[in-house]
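*Asks:* Listed here are the chains, written in short residue letters.
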Amino acid sequence: MTETTTAPAGAPEVPEYPLPRSCPYHPPAGYDRYTAEGPVTRVRLYNGRQVWAVSGHAEARQVLLDAATYSSDRIHPHFPALAPRFESARKVRNFIGMDPPDHTVQRKMMLSTFTVKKVAQLRPGIQKLVDDLIDRIEERGPVADLVPDFALPVPSIVICELLGVPYDDHAFFEQQSRRVVTGSTTLEDSAAAFGELSRYLDGLIRRKQAEPGDGLLDTLIAEQVDTGALTRRDLVDIALLLLVAGHETTASAIALGVVTLLENPDQLAALRADASLLPTAVEELLRFMAIADGVARFATVDTELAGHRIRAGDGVVVVISTANRDERAFAGGDAFDVARGARNHISFGHGVHQCIGQNLARAEMEIALSTLFRRLPGIRLEVPSRRLPLKEAGGVQGVWELPVTW
Amino acid sequence: MRITADSDRCLGAGQCVLSAPDRFDQSDEGTVLVLDPRVDGDEDASRLRETVALCPSQAIALVAEEG
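Chains as they are written, first to last, in full-length UniProt numbering: chain W, 1 to 406; chain C, 1 to 67.
In short, the hints are calculated from the structure, not lab data. Even glycine gets a Cβ: it sits at the ideal position worked out from N, Cα and C. Check the hints yourself; a few may be wrong.
The calculated label-pair distances, taken between Cβ atoms and stated as ranges, are [unchecked claim]:
(1) C/Arg49 x W/Phe373: 47 to 55 Å
(2) W/Gln121 x C/Arg9: 21 to 29 Å
(3) C/Ser46 x W/Thr227: 28 to 36 Å
(4) W/Gly378 x C/Val63: 51 to 59 Å
(5) W/Ala58 x C/Glu43: 51 to 59 Å
Residues on chain W that point at chain C, a partial pick, calculated with CB under 8 Å [to be verified]:
(6) Ser112
(7) Phe114
(8) Thr371
Working from the sequences, and respecting the hints, build out all of it.
*Replies:* Structure representation (structure tokens):
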């Protein structure tokens, strides 16, 4: 790849990005250094490339709202790889890694599936699924690992039904997805996982072309592939995004949401005392946890950001976890407050790429968390929270295991 | 003032519907619909300005009444 700026060997003054978390729901301690130096600072990526880290809320919004100046084009050599896995993701071409107008044409093809109303229609089914999973947890009790037993199957089953992917294949695609989204995965491993998922989805889409079902993939075959608007390869790349992002992120958010609420018992008590706080509590969890903690862009033209001169080709990374705690936007932002009522966090991003599945994620989090704490009122961690294995830097944040009892 | 919306710019995040469900809805295609364009006093204007700021695709706005 092209290196626009390369750090001189052993330049100690430029801090590394990303860093691992030591507490599952707080930004890494080292990110204090970025914010202390201002909302926009220089950081060094794993491959030595220096990019701009944007840790202020207003500046993050400015970058994310301006898709013309700050490109998402992943195949462009200037697009920064935050971890090795981003290099293999360059070959996967879908709307998350495109700029308008190509991005917009693709995204509009599936908007009707993700409306607030459509998601509301899914809620009874999600509630039933959550109740069934908790029935099974209770039967097998009195201990459970909530990652495989709860946090993962909820979004995984929901996205399978929505897309028309057989849930029987879940062990395969969950494992491959983890190889794709884990921060520590190597270039070779993530490329192999992308290959496995692409072959799987290509086979699935071929079968659906012969024998249509009633999922979103079937709709996209009928409306877009059969009309020539998308190739099958395009749909494979889109399906890969929807399947991976549709379960791995929400699974992390549910598991980490349980940890965050258990570790903040006064806030859990406030939520239990007033169920009407549920939507604001979920919004606060989203802000506070910032599980997708790093969004990459590159500048397409010379520009200015917070007084810094950004040159065409410079890489930019928006640090979501610090932007979400910027005191200028969120007073007392380091505190977890289920009644805060702030909706201007950027955990789903901002601008034209803001998460297409955000309302589905909200519904899943609301139902999963409220039902779990209602059905298992005595729930507590089986191990001290500091012993929970944390996901690595440079990937979706969260815990690998969540042993609980009740 | 009144609310305006540009369904071509809209990318279906649904933030307006969550923030001001009395004013916004989504079409079957998933883009913004204005249920009621009126801005009812200062408090309403303040709330709707927040809603406008939440829109990720800058598809909604408050504009001065013409004439």
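*Asks:* All hints, please: hold or fail.
*Replies:* Verification of the hints:
Range check, C/Arg49 to W/Phe373: about 35 Å between beta-carbon atoms, so the 47 to 55 Å window is missed. Distance hint check for W/Gln121 and C/Arg9: the Cβ-Cβ separation is about 26 Å, which falls inside the suggested range of 21 to 29 Å. For C/Ser46 and W/Thr227, the hinted distance range of 28 to 36 Å is not satisfied, since their beta carbons lie about 45 Å from each other. For W/Gly378 and C/Val63, the Cβ-Cβ distance of about 54 Å falls inside the hinted range of 51 to 59 Å, so the restraint holds.
At roughly 24 Å, the beta-carbon separation of W/Ala58 and C/Glu43 lies outside the given 51 to 59 Å, and the hint is violated. Checking W/Ser112 against chain C: minimum C-beta separation of about 4 Å stays under 8 Å; hint holds. Among the interface hints, the one on W/Phe114 holds; its C-beta lies about 6 Å from the nearest C-beta in chain C, closer than the 8 Å criterion. A hinted interface residue such as W/Thr371 counts as satisfied when its beta carbon comes closer than 8 Å to some beta carbon of chain C; here the least separation is about 21 Å, so the hint is violated.
Consistency note: the structure conflicts with the earlier hints numbered 1, 3, 5, 8.
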